[in-house]
Amino acid sequence: MQLESKVGPADLASGSKSQLRSDTGGGLLAQVYGGKYAEATRAGRMFCIANTAPVTTTKDNDTTWTGLGIANPTGSDKNIILHEFGWAHQIAGDDDGLVGLATTTDSGFAATLTARSCYFGTGTSIAECVATATIVAPILERVCGTHGMGAVTTQIAVGPNIVDLAGSMIIVPGRSVVTWTSEITTTVLMFSFLWEEVDA
Amino acid sequence: MDLQGIEGRRSAATGVNQLRVDTKGGLMAHNYSGKYAEAALAGRMFVVASQSAVTTTKDNDTTWTGLGVGNPIGSGKNLIMHEFGWALIIVGSDDGLVGLASCAIGTDFTNSLTQRNCKWGGGPSVAYCDAGATIEAPILERVCGTHGMGATTTEMSKPPNIVDLAGSIVLPPGRAIVTWTSEIVTSGLQFHFVWEEVDA
Chain A
1 MQLESKVGPA DLASGSKSQL RSDTGGGLLA QVYGGKYAEA TRAGRMFCIA NTAPVTTTKD
61 NDTTWTGLGI ANPTGSDKNI ILHEFGWAHQ IAGDDDGLVG LATTTDSGFA ATLTARSCYF
121 GTGTSIAECV ATATIVAPIL ERVCGTHGMG AVTTQIAVGP NIVDLAGSMI IVPGRSVVTW
181 TSEITTTVLM FSFLWEEVDA
Chain B
1001 MDLQGIEGRR SAATGVNQLR VDTKGGLMAH NYSGKYAEAA LAGRMFVVAS QSAVTTTKDN
1061 DTTWTGLGVG NPIGSGKNLI MHEFGWALII VGSDDGLVGL ASCAIGTDFT NSLTQRNCKW
1121 GGGPSVAYCD AGATIEAPIL ERVCGTHGMG ATTTEMSKPP NIVDLAGSIV LPPGRAIVTW
1181 TSEIVTSGLQ FHFVWEEVDA
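Read top to bottom, the protein sequences are chains A and B.
Going left to right, the first sequence walks through residues 1 to 200 as this note's numbering numbers them.
Going left to right, the second sequence walks through residues 1001 to 1200 as this note's numbering numbers them.
Since the hints were derived computationally from the structure, they do not count as laboratory data.
We put the beta carbon where it would ideally sit given N, CA and C, even for glycine.
Certain hints may be false.
Pulled a few chain B residues facing chain A out of the computed Cβ check, cut under 10 Å [stated by the list, open to error]: (1) THR1063; (2) GLY1085; (3) PRO1160; (4) VAL1198.
With a straight-line Cα cutoff of 20 Å, these simulated DMTMM-like cross-link-like pairs (lysine to aspartate or glutamate) come out [what the hints assert, rightly or not]: (5) LYS1024/B / ASP1059/B; (6) LYS6/A / GLU1155/B; (7) LYS1035/B / ASP95/A.
Pairwise CB distance ranges (calculated) [unchecked claim]: (8) ILE184/A / ILE1006/B: 55 to 61 Å; (9) THR105/A / GLY1150/B: 54 to 60 Å; (10) LYS1024/B / ILE184/A: 53 to 59 Å; (11) TYR1032/B / THR124/A: 17 to 23 Å; (12) GLY35/A / GLU1183/B: 39 to 45 Å; (13) GLY1123/B / LYS17/A: 43 to 49 Å; (14) GLY1015/B / ILE91/A: 35 to 41 Å; (15) ALA1013/B / ALA137/A: 48 to 54 Å; (16) THR1134/B / ASN61/A: 29 to 35 Å; (17) ALA1151/B / ASN61/A: 35 to 41 Å; (18) THR1055/B / ILE139/A: 20 to 26 Å; (19) GLY1123/B / THR56/A: 35 to 41 Å; (20) THR112/A / GLY1074/B: 47 to 53 Å.
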C-alpha cells in the first residue's frame, strides 16, 4: 500500500477533510502542537522532584553521597526516562567546581523524598528519591556547569541552569542517577529532576 | 492511497481516529516523549565524560589531549553526535575558545576511556573514546564558547555549556571528533559527548 500526500497549501474550513501536505521533496509537513511534554504529562507519565532546602554536596565519587538522586528500584518493571536536570545556588557558594550527573546502582536508596506527578492527582511514581545515601561509587556521565563563590551582590541574576536531557538517559530497574559536584558545597545548592515512567 | 486528515481540534476517543490537519493541510503532531527517548530506550545512545579535569592542547596540535570519540575503521556503524558539554572545574589557566574539530581516527587513537550506554545494560559501543593521542591535524568545525580566567569568587555559577548538536555531525568509520581549545588549559576543563550508533 502506498500512502500519498499533496504538495502546496490548502485553505480548509473547520471540519473539512484534506489530503496531508508534503514539500516538493516528498517530505510530510507536520506542525507540532502543544508543549513537548504535554502528552506524557496529561497521560500521568511525568514526575518531578526538587530539594526543598539547600543541601550539602559531597565531593567527586564519594560513596557517602549527598545531593539529589533518583533510583529505579529493582523489580519495578518500569524504565525511567530522564528529561531535565536543574541546579542553582540559593546563597553564595563556599567552593568552586563542577556540577554534573553520575549514575550508579539503586543500592542505599529509599523513598525518603516524595516524587510529584506533573499532572496533579494522576499516578504514583515508582522512583525512590533521596538527598543522602550510602551508594556504590558513581560514574560521572554529564558535565552540567561550573559553580563559583561569587558574592550575591555582584550579579542581579544567573540564567537558568537547566539541562535538557531530552530522554537521553534511561534509568533501568536497579540503577540510579545522582547529582555530582567536584568539591564539597555546604548548604548552598538545590537541584531538580524531571522524568517519565514507561513500562520496561 | 490518499492519506487524509480533518481540520480542527476534536475530542478523540480511545481507539482508531482520523488524523488532524491545520488549515493548510499540514499534519498536526504531538511529541510522544523526549527527542532522544526512543533511541535511548532502543540502546543506540551512548555517553562518555572526562572523569577529572584534563589539560588541553593548543589549536591544531597533533599531540592532542582533551576528550575525543572515534569511529574505528570497519565498525560497520555511523556515529551520530547529539550533544557536547564542557565546564571549567577551577579558574582557567588561560583564556581562549572551546570548539570541536574532526580528524581521521589514525592509529594512535585508542579506547582508553569507558563509554556508557545511556540505557544501562543496553549493549556495547563501537566507539573509541580517548583523552589523548597523536592525531592528524584536526580541523575546527564548531565554535562552542569562550573559556576565561575569571576568579571563581566573582560569579555565583555559570550556566551549562551544553551544545545541542542534534545529529549535525556524523562520524563514519575512520573519523573522530575531538575537543579543541585555542590555548593550553592546564587541568581545568572537563567534557562530555552524547551520541547514537546506527548501521552504516
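Return holds or violated for the Cβ distance of THR105/A and GLY1150/B against the range 54 to 60 Å. 38 Å, violated
Hey, does the GLY1085/B contact hint survive, CB to chain A under 10 Å? 4 Å, holds
Outcome of range test on Cβ distance (GLY1123/B, LYS17/A; 43 to 49 Å): For LYS17/A against GLY1123/B, whose Cβ atoms are near 45 Å apart, the range 43 to 49 Å holds.
Is the interface hint for PRO1160/B satisfied, with its Cβ closer than 10 Å to some Cβ of chain A? Hint on PRO1160/B: holds, closest Cβ of chain A at ~5 Å, below 10 Å.
So does GLY1015/B sit 35 to 41 Å from ILE91/A, Cβ to Cβ? 54 Å, violated
Starting from the range 17 to 23 Å, see whether the pair TYR1032/B and THR124/A falls in it by beta-carbon distance. This hint holds: roughly 22 Å between Cβ atoms.
Is the interface hint for VAL1198/B satisfied, with its Cβ closer than 10 Å to some Cβ of chain A? 15 Å, violated
Quick one: are THR112/A and GLY1074/B within 47 to 53 Å, going by C-beta? Between THR112/A and GLY1074/B, where Cβ atoms are some 49 Å apart, the hint holds.
Could one say that the CB atoms of GLY1123/B and THR56/A fall in the range 35 to 41 Å? The hinted range 35 to 41 Å holds for GLY1123/B and THR56/A, with Cβ atoms some 37 Å apart.
Status of the given 39 to 45 Å range, CB of GLU1183/B versus CB of GLY35/A: Holds - the Cβ-Cβ distance for GLY35/A and GLU1183/B, about 41 Å, lies within 39 to 45 Å.
Does the hinted range 20 to 26 Å hold for THR1055/B and ILE139/A at CB? With a Cβ separation near 21 Å, THR1055/B and ILE139/A satisfy 20 to 26 Å, so the hint holds.
With the threshold set at 20 Å, check whether the alpha-carbon distance from LYS1024/B to ASP1059/B stays at or below it. 50 Å, violated
Violated hints for the displayed structure, listed by number in ascending order: 1, 4, 5, 6, 7, 9, 14 and 17.
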